[in-house]
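Student: Residue-level listing of the chains:
There are 2 protein chains.
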Amino acid sequence: MPDSRERDVTRRGFLIKAGQGLVVTRALGALAPSASAQPVPDPPGKKAGWAIVGLGSLAINQILPAFAKCEKSRVVALVSGHPEKAKKLAARYGVDPKRIYDYQSYDSIKDNPEVDVIYIVLPNGMHAEYTVRGHQAGKHVLSEKPMANTPADCQAMIEAARKANRKLMVAYRCRYEPFNQEMIRMAREQELGPVKVILADHGFSIGDPTQWRLKKALAGGGSMMDIGIYSLQAARYVTGEEPVEINAMSYTTPGDERFKEVEEATNFQLRFPSGVLANCSSSYGYSGQNRYRVVTTKGWFELEPATGYSGLRMRVRRRGDAIEERTLPVRDHFALEMDHMSECVMDGKDPLTPGEEGLRDMRLIMAVYEAAQSGKTVKV
Amino acid sequence: MPDSRERDVTRRGFLIKAGQGLVVTRALGALAPSASAQPVPDPPGKKAGWAIVGLGSLAINQILPAFAKCEKSRVVALVSGHPEKAKKLAARYGVDPKRIYDYQSYDSIKDNPEVDVIYIVLPNGMHAEYTVRGHQAGKHVLSEKPMANTPADCQAMIEAARKANRKLMVAYRCRYEPFNQEMIRMAREQELGPVKVILADHGFSIGDPTQWRLKKALAGGGSMMDIGIYSLQAARYVTGEEPVEINAMSYTTPGDERFKEVEEATNFQLRFPSGVLANCSSSYGYSGQNRYRVVTTKGWFELEPATGYSGLRMRVRRRGDAIEERTLPVRDHFALEMDHMSECVMDGKDPLTPGEEGLRDMRLIMAVYEAAQSGKTVKV
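Protein chains in written order, with my numbering: chain H, 436 to 815; chain D, 436 to 815.
Quick caveat, the hints were computed from the structure, so don't treat them as lab data. A virtual CB, placed ideally from N, CA and C, is assigned to each residue, including glycine. Just to be clear, a hint being listed does not mean it is correct.
As the list claims (entries may be wrong) - Not the full set, but computed from the structure, chain H residues with beta-carbon under 8 Å of chain D:
1) Val679
2) Gln724
3) Asn725
4) Lys733
5) Glu737
Claimed, not checked - Within a straight-line C-alpha distance of at most 27 Å, the following computed DSSO-like cross-link-like pairs (lysine-lysine) qualify:
6) Lys520/D / Lys504/D
7) Lys523/D / Lys545/D
8) Lys523/D / Lys811/H
9) Lys814/D / Lys814/H
10) Lys651/H / Lys733/D
Unchecked claim - Where chain D lies over chain H, by a calculated footprint (3+ residues, C-beta under 8 Å):
11) 559-565
12) 572-586
13) 622-632
14) 806-812
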């Protein structure tokens, strides 16, 4: 699963590259030795062209800056309802101002051959429409998570990709970064024995009550949709299994103006076919939780933070030993994710997290809500 | 809730005591200054006499050594089916060998006026019988947790205490030690705002398949009864509330010879009247888990280990701040617990964790099993 290119960033690989740089420099005889000792990365190959749709906080603070770390992706177009914001960002990131679209002109992106991939960074409730229109424009699409508001919308997106013969990927960022990949490896290879229980908690105290995440039509649901999905994903990708039973409990503080349309908290339990159980929590009402622990027969390993944009930490305990902190390369999650999509597009490969993966989560989220509402174990 | 005597062990209190010692020493003019600077504790007052019933690992390794740390409790009798073991322990702890009983002669303890309190350290399924016989012998009784195998047995124990006009306490050790007491204080005083979610995990990989904990008649149940009860207790004592709804899932590895009679793992969810939700796990199949975290609107605080006999660690995070480790006095949990019971007996006070508290847990454990078995939310 880890990008094999990243695996090469070892000390040995580093020294070999540095050595090659030195040979070239000596032949030229022009640079000072101190400068010549620096490794010089190869120039990038062809990069896929990306259009970013929706210039909110995630696009501004995470996605656009990440292109500087990409090997296979470059931003070539912006789609926004705010022309001034788009112009400023275009200037900062070297996007031709003629390649700025609004939501009316969006479909004309089909005439822009520079755009290979469209990244949908809109509120959840708009993912389906803009993904389908993107596919109809003949482009590949990466949609933010959760994939849409309903399984039916997810299916429409998958169908649009199929008809257009274009890729559809869901932005499950954590599948592309080293810490979560290491957790998956440890679980699957049973480094500390078979997995028994997964304990996952994700949430934060949400602020501004007017934001789209708190509007049912735009968000599809509350904490479960937005942040509980990380706990659900972790349980699924660590085990590599699909849950067969779900219990859940929701809670919303009466009178809290933030939660007029969507739920505050949803806790859920999963049973997997192998017997692994998961206890998961999600909330918009508690102070930041971002962790999961995998408990095995011989120890446990955990990430906390687990799924943030950066600063992830891994702790590992083998029974009887001290707790060990395991360090891994610090990488830009968004760059890894976008480069994976670019690679799929350029090499004709299927994404690790295609539309079908988003649909599976959406069906499970509906089952979680059903369990919470009915007070019964839902079999899926 | 914390013992007020313990609260006095501050630096200021220490210096005052040291100063008083110095005055006395100077008057005597006999000791070297270095020795005179040491604080001399007051001699203990009257101590209640204890009989320990059941000389297994807990009695040998924790309870008997703890008397050396007691201010109000001394061991004066032993009850065991193994006379040689009892003789060796009597010799080590200064118990008159004439005060060794077996399970037949147990009732004659009524004729021993030195014994005020009987501590039942037998397998769960024997708590009821030996508690009732203890009360019938006119003694006060401290029973290990879980209180018994069934709510009916708990009620019989409570009734026996009432009839005999003697105290009955359940050995919820964690209620008497500083770390868990501090967690309770922080929650109740809303140091980091109101509690929203409690996440509690307790369990270990159980060994010897022939041990009593794996026999239904002696243990009453599996991991939930023995170790899940710590998660249940934590959720209850942190909130100070009684749960109103319970979900649960159990799992037992097919063919595992340890789990022929009792369940391996039970995960459960609780809803409290204030809206607090709890996610709890218990297992005899996963590697040691011993922790709970209290998540509030403004941060979180946790113990890990949370309920072990020693070595507890507290971490506190206020939103936006670094994680803080909070240190507290290291105390012997069993000494604190036994001294509480002695104090209740000598001063005619009611224990903090009376039989009724054990009965509440037992009813809730039955509701957890019912929820797991029925696949429905159980309202309690």
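Student: Compare the structure with each hint and give your call.
Tutor: Results of checking the hints against the structure:
1. Val679: 11 Å, violated
2. Gln724: Since chain D brings a Cβ to about 6 Å from Gln724/H, closer than 8 Å, the hint holds.
3. Asn725: 11 Å, violated
4. Lys733: Since chain D brings a Cβ to about 6 Å from Lys733/H, closer than 8 Å, the hint holds.
5. Glu737: 11 Å, violated
6. Lys520/D / Lys504/D: 23 Å, holds
7. Lys523/D / Lys545/D: Answer holds: Lys523/D to Lys545/D is near 24 Å, not above 27 Å.
8. Lys523/D / Lys811/H: 55 Å, violated
9. Lys814/D / Lys814/H: Holds, at about 21 Å.
10. Lys651/H / Lys733/D: 26 Å, holds
11. 559-565: violated (count 0)
12. 572-586: Result for this restraint: violated, n = 0.
13. 622-632: Since 4 is at least three, the answer is holds.
14. 806-812: Three-residue rule met by the segment 806-812 of chain H, so holds; n is 3.
Going down the numbered hints, you'll see the structure goes against 1, 3, 5, 8, 11 and 12, while the others check out.
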